[in-house]
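Peer 1: Sequence:
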Amino acid sequence: KKALREAGIADGQPFDKALADKAEQELKRQYINKSLYGVEVITTVTPIERNRVNLTFSVVEGDVAKIKEIHITGNKAFSESTLLGLFDLDTGGWLSWYTKSDRYSRTKLNADIETLRSYYLARGYLEFKIDSTQVAISPDKQSIAITVNVTEGERFVVSGVKLEGNYLNKEEEFKTLVKIEPGEPYNADHVAETTKAFTDYFGTFGFAFARVEAVPEIDRTNNRVAFVLQADPSRRAYVRRVNVAGNNRTRDEVVRREFRQFESSWYDGDKIRLSRDRVDRLGYFTDVNIDTQEVTGTSDQVDVTVNVVEKPTGNLQLGAGYSSADSVSLLFGIKQENVFGSGNYLGV
Numbered sequence: 583k584k585a586l587r588e589a590g591i592a593d594g595q596p597f598d599k600a601l602a603d604k605a606e607q608e609l610k611r612q613y614i615n616k617s618l619y620g621v622e623v624i625t626t627v628t629p630i631e632r633n634r635v636n637l638t639f640s641v642v643e644g645d646v647a648k649i650k651e652i653h654i655t656g657n658k659a660f661s662e663s664t665l666l667g668l669f670d671l672d673t674g675g676w677l678s679w680y681t682k683s684d685r686y687s688r689t690k691l692n693a694d695i696e697t698l699r700s701y702y703l704a705r706g707y708l709e710f711k712i713d714s715t716q717v718a719i720s721p722d723k724q725s726i727a728i729t730v731n732v733t734e735g736e737r738f739v740v741s742g743v744k745l746e747g748n749y750l751n752k753e754e755e756f757k758t759l760v761k762i763e764p765g766e767p768y769n770a771d772h773v774a775e776t777t778k779a780f781t782d783y784f785g786t787f788g789f790a791f792a793r794v795e796a797v798p799e800i801d802r803t804n805n806r807v808a809f810v811l812q813a814d815p816s817r818r819a820y821v822r823r824v825n826v827a828g829n830n831r832t833r834d835e836v837v838r839r840e841f842r843q844f845e846s847s848w849y850d851g852d853k854i855r856l857s858r859d860r861v862d863r864l865g866y867f868t869d870v871n872i873d874t875q876e877v878t879g880t881s882d883q884v885d886v887t888v889n890v891v892e893k894p895t896g897n898l899q900l901g902a903g904y905s906s907a908d909s910v911s912l913l914f915g916i917k918q919e920n921v922f923g924s925g926n927y928l929g930v
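Residue numbers (our numbering): 583 to 930.
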């Protein structure tokens, strides 16, 4: 029904053949997303009284198409079995009935390809790329073959790291945060960790808009790469407002009293992270994250929003027992760690 509504099909609406065709294609797409490639959708239009029609979509799902082959071509440094071991998708095993790992999904394949890319980029292959991906469906639409074509490129070693830009006269302190190691194979994870550490450190001094870029200088003759870490701290900012969002039950003040970043104070990245951890440790939420947004029309103000997802905090216990001395006994207990969203504990 959701697919029909999204296509503009609803009771009482004027009949439109184009919308009916669109709804049919949307239904097919949803089944195909579940690996039901043999699905058939038949649309029937039946005229009835008072210039109306009944619109019927008959669906024959067919069988689920399963992955029969996965191949990677162009790989030289690592065996195909090693690389396929990184994938969540596979050709099936004794647990596939539960994991459904042999059911093709474009989303899952994209995730596996990113895992493959990360694997190479963390092992020196700076210029690794995915050339193409082919997904072939058998004529009976029961099996799928996947081929991933890659170009590994050469393996690069880091030759050096230097800092450029404005480091607030704290270059030596920033150097201690560098994760990129000269003499070691290029590792994209280390580059990302370094730029994040630099950005976070700028944040401790109030520079919420700092930009750090790792610029590679590639020597393809010797398969070496040097990195220039270019930094622009931009401008200091102070926090205009701290907002709390997603707390359907817990009161704002329960979250706010855990905050160590105060309104109208300079932005401090360390205090922001400490505040996030303190809110998370309350135990009232399944997820806590913080979003920092620049205030429109200003150059030195930000709003900080704490986004939370509530979780059940109550516990009810019921039990019964029997003994020759006491005969039948009943046990009842109730515990609420966040009574009425106040952050207080109640146990009976």
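Treat each hint with caution, since some may be false.
Unchecked claim - No farther apart than 27 Å at their CA atoms in a straight line, the calculated lysine-lysine pairs in the DSSO-like style are these:
#: 1; residue 1: 604; residue 2: 658
#: 2; residue 1: 690; residue 2: 757
#: 3; residue 1: 711; residue 2: 761
#: 4; residue 1: 723; residue 2: 650
#: 5; residue 1: 648; residue 2: 599
#: 6; residue 1: 752; residue 2: 853
#: 7; residue 1: 757; residue 2: 778
#: 8; residue 1: 682; residue 2: 610
#: 9; residue 1: 761; residue 2: 778
#: 10; residue 1: 744; residue 2: 778
#: 11; residue 1: 648; residue 2: 682
#: 12; residue 1: 610; residue 2: 752
#: 13; residue 1: 761; residue 2: 744
#: 14; residue 1: 690; residue 2: 658
As the list claims (entries may be wrong) - Beta-carbon label-pair distances, calculated as ranges:
#: 15; residue 1: 718; residue 2: 593; range: 38 to 44 Å
#: 16; residue 1: 852; residue 2: 594; range: 55 to 61 Å
#: 17; residue 1: 879; residue 2: 593; range: 45 to 51 Å
#: 18; residue 1: 594; residue 2: 688; range: 32 to 38 Å
#: 19; residue 1: 774; residue 2: 878; range: 36 to 42 Å
#: 20; residue 1: 663; residue 2: 823; range: 52 to 58 Å
#: 21; residue 1: 695; residue 2: 757; range: 34 to 40 Å
#: 22; residue 1: 833; residue 2: 871; range: 32 to 38 Å
#: 23; residue 1: 852; residue 2: 699; range: 30 to 36 Å
#: 24; residue 1: 723; residue 2: 690; range: 16 to 22 Å
#: 25; residue 1: 719; residue 2: 817; range: 50 to 56 Å
#: 26; residue 1: 715; residue 2: 830; range: 37 to 43 Å
#: 27; residue 1: 594; residue 2: 699; range: 46 to 52 Å
#: 28; residue 1: 658; residue 2: 816; range: 53 to 59 Å
Keep in mind that the hints were calculated from the coordinates and are not lab data.
All residues carry an ideal CB built from backbone N, CA and C; glycine is no exception.
Peer 1: Which numbered hints are broken by the structure, listed smallest first?
Peer 2: When the structure is compared with the hints, numbers 1, 2, 5, 12, 19, 22 and 28 turn out to be violated.
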